[in-house]
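Asks: Single-letter residue listing:
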Amino acid sequence: MLTRRIIPCLDVKDGRVVKGTNFVSLRDAGDPVEQASAYDAQGADEICFLDISASPEGRSTLTDVVARTADRVFAPLTVGGGVRVVDDAVRLLDAGADKIAINTAAIRTPQLVNDAAARFGAQAIVVAIDAKRRADGGWEVFSHGGRTPEGIDALAWCREVADRGAGEILLTSMDRDGTRSGYDLELVRAVADAVSIPVIASGGVGELDHLAEGLLAGADAVLAASIFHYGRHTIGEAKQFLAARGLPIRPL
Amino acid sequence: MIAVVDVCSGNLRSVEKAIAHVGGDPVVTADPDVVRRADKIVVPGQGAFGMFAHGLEARGLEPALREALARGVPMLGICLGLQVLFEDSEEQGPVRGLGLLPGHIVKFRPTDRTLKVPHIGWNQVQRTALGAREPLLRGLPESPYVYFVHSYYAAPSDPSVVALECDYGGGFCAAVRKDNLFACQFHPEKSQAVGLAILRNFVEARA
Numbered sequence: 303m304l305t306r307r308i309i310p311c312l313d314v315k316d317g318r319v320v321k322g323t324n325f326v327s328l329r330d331a332g333d334p335v336e337q338a339s340a341y342d343a344q345g346a347d348e349i350c351f352l353d354i355s356a357s358p359e360g361r362s363t364l365t366d367v368v369a370r371t372a373d374r375v376f377a378p379l380t381v382g383g384g385v386r387v388v389d390d391a392v393r394l395l396d397a398g399a400d401k402i403a404i405n406t407a408a409i410r411t412p413q414l415v416n417d418a419a420a421r422f423g424a425q426a427i428v429v430a431i432d433a434k435r436r437a438d439g440g441w442e443v444f445s446h447g448g449r450t451p452e453g454i455d456a457l458a459w460c461r462e463v464a465d466r467g468a469g470e471i472l473l474t475s476m477d478r479d480g481t482r483s484g485y486d487l488e489l490v491r492a493v494a495d496a497v498s499i500p501v502i503a504s505g506g507v508g509e510l511d512h513l514a515e516g517l518l519a520g521a522d523a524v525l526a527a528s529i530f531h532y533g534r535h536t537i538g539e540a541k542q543f544l545a546a547r548g549l550p551i552r553p554l
Numbered sequence: 014m015i016a017v018v019d020v021c022s023g024n025l026r027s028v029e030k031a032i033a034h035v036g037g038d039p040v041v042t043a044d045p046d047v048v049r050r051a052d053k054i055v056v057p058g059q060g061a062f063g064m065f066a067h068g069l070e071a072r073g074l075e076p077a078l079r080e081a082l083a084r085g086v087p088m089l090g091i092c093l094g095l096q097v098l099f100e101d102s103e104e105q106g107p108v109r110g111l112g113l114l115p116g117h118i119v120k121f122r123p124t125d126r127t128l129k130v131p132h133i134g135w136n137q138v139q140r141t142a143l144g145a146r147e148p149l150l151r152g153l154p155e156s157p158y159v160y161f162v163h164s165y166y167a168a169p170s171d172p173s174v175v176a177l178e179c180d181y182g183g184g185f186c187a188a189v190r191k192d193n194l195f196a197c198q199f200h201p202e203k204s205q206a207v208g209l210a211i212l213r214n215f216v217e218a219r220a
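So the sequence lines, in the order shown, correspond to chains A and B.
Under the working numbering, the residue at position 104 of the first sequence is numbered 406, and the numbers go up by one with no gaps.
Under the working numbering, the residue at position 163 of the second sequence is numbered 176, and the numbers go up by one with no gaps.
Do not rely on the hints blindly, as some may be mistaken.
Using C-beta positions, here's what the derived DEER-type ranges look like [unchecked claim]:
1. B:Asp192 to A:Asp316: 28 to 36 Å
2. A:Pro358 to B:Ala33: 42 to 50 Å
3. A:Val392 to B:Asp192: 29 to 37 Å
4. B:Arg122 to A:Asp366: 35 to 43 Å
5. B:Arg122 to A:Leu518: 22 to 30 Å
6. B:Gly112 to A:Val388: 25 to 33 Å
7. B:Ser170 to A:Gly538: 16 to 24 Å
8. A:Asp316 to B:Pro172: 34 to 42 Å
I should point out that these hints are in silico values taken from the structure, not numbers from a laboratory.
Source: prediction; values computed, not measured.
We put the beta carbon where it would ideally sit given N, CA and C, even for glycine.
Take the sequences, apply the hints, and build the full model.
Replies: This is the structure in structure tokens:
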């Protein structure tokens, strides 16, 4: 049976790990290669790097981080942030990434999703979507690390990128990110029902029960950062907790 | 020397580093002559079938691989490196494969809507009678978890080549063995300790 994945996410800025709280205040939590290696040793099912560097110089360090990670971490690696053209994806996949997450560039140039999927296969292309609740119901897509409202309906966008060949959706709730109050479960449920590709729930995990809630709402994988970064819980504890709740989890 | 065949695939570096990690001496190459000289050959593949099959042909690698196989050189195919062994694939096609094994590459079409495609993540594989004797699986758990990331899978016409089976809305072929050739749909280079054990067995096997 296919097991549900637990994915620790490392936000990387200028080659260092940080964690955004509502995408604004940042705390330094160390070297990304060391962190990835530690999560690998804990038995993480996949590891995610999201580059949030503001400058091209900062972003250019990511390829090196990915390559150094691939030297010693033999676990699946998803990498996103600043992927604008197919060549950016080539660079990161060559360095050792297994999947590439595209966010703003997919909104600007939706054809990029088709082109990247044709070149690398759908399974290598993740579209990252930052969604925020609208006052009148539903969710709106935001770009640029959650700063710019796009006036696009999140569910419609999820369906479109799936049609264009995305292999997976990394779904972040802007309302919940950094709040530690749990995933936006209605959003997770709505997207999981709307598309036939896997959905990774993101944004808001503060305790292990939130991971269970996300999976029970239909997520195929759960992504979290601070709950793991500051040693509150290990991946192993999360796995034991979820397995005890009856969820299909790869034992360590 | 273990040739890691460069067929415009993304996971070459991961495969190279994993083989070096377990004590092998990998050389990433697109040169058919280097492939001909190799003691062992790994054909990693990640990407789209059409691009991959075209790359094999355009780089003149196809005859080199066929010759090496005929000479009994141990070969390990990964993901598309398994799929390309069959007759053809639905992906971007039909596109012709090497036709070394009878059968076709088809897309997952689960009737259960909760099963998403691509099939991404850790799934458990079961040994067939052939798999129970498989030297590359020596020392592994009885039904290990390995990492998959794919939308298409091999449907062999000859079930006797299947070494590992997996289930995703129905059984599918996770690995094949035929003579000196072993190939798997999952990614040993990304399957942590289990994957490294398979690669170590391949590296340490007598050529």
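Asks: If a hint holds in the structure, say so; if it does not, say that too.
Replies: Going through the hints against the structure:
Against the hinted window of 28 to 36 Å, the Cβ-Cβ separation of aspartate 192 of chain B and aspartate 316 of chain A comes to about 51 Å, which falls outside the hint. Proline 358 of chain A and alanine 33 of chain B have their C-beta atoms about 32 Å apart, which leaves the hinted 42 to 50 Å range violated. Our hint of 29 to 37 Å for valine 392 of chain A and aspartate 192 of chain B holds, since their Cβ atoms are close to 35 Å apart. One distance hint, 35 to 43 Å for the beta-carbon pair arginine 122 of chain B and aspartate 366 of chain A, holds here, with the actual separation near 41 Å.
The supplied range of 22 to 30 Å is met by arginine 122 of chain B and leucine 518 of chain A, whose beta-carbon atoms lie about 26 Å from each other. The beta-carbon spacing between glycine 112 of chain B and valine 388 of chain A, approximately 31 Å, falls within the hinted interval of 25 to 33 Å. For serine 170 of chain B and glycine 538 of chain A, the Cβ-Cβ distance of about 43 Å falls outside the hinted range of 16 to 24 Å, so the restraint is violated. The supplied range of 34 to 42 Å is broken by aspartate 316 of chain A and proline 172 of chain B, whose beta-carbon atoms lie about 53 Å from each other.
Hint check: violations occur at hints 1, 2, 7 and 8; the rest are consistent with the structure.
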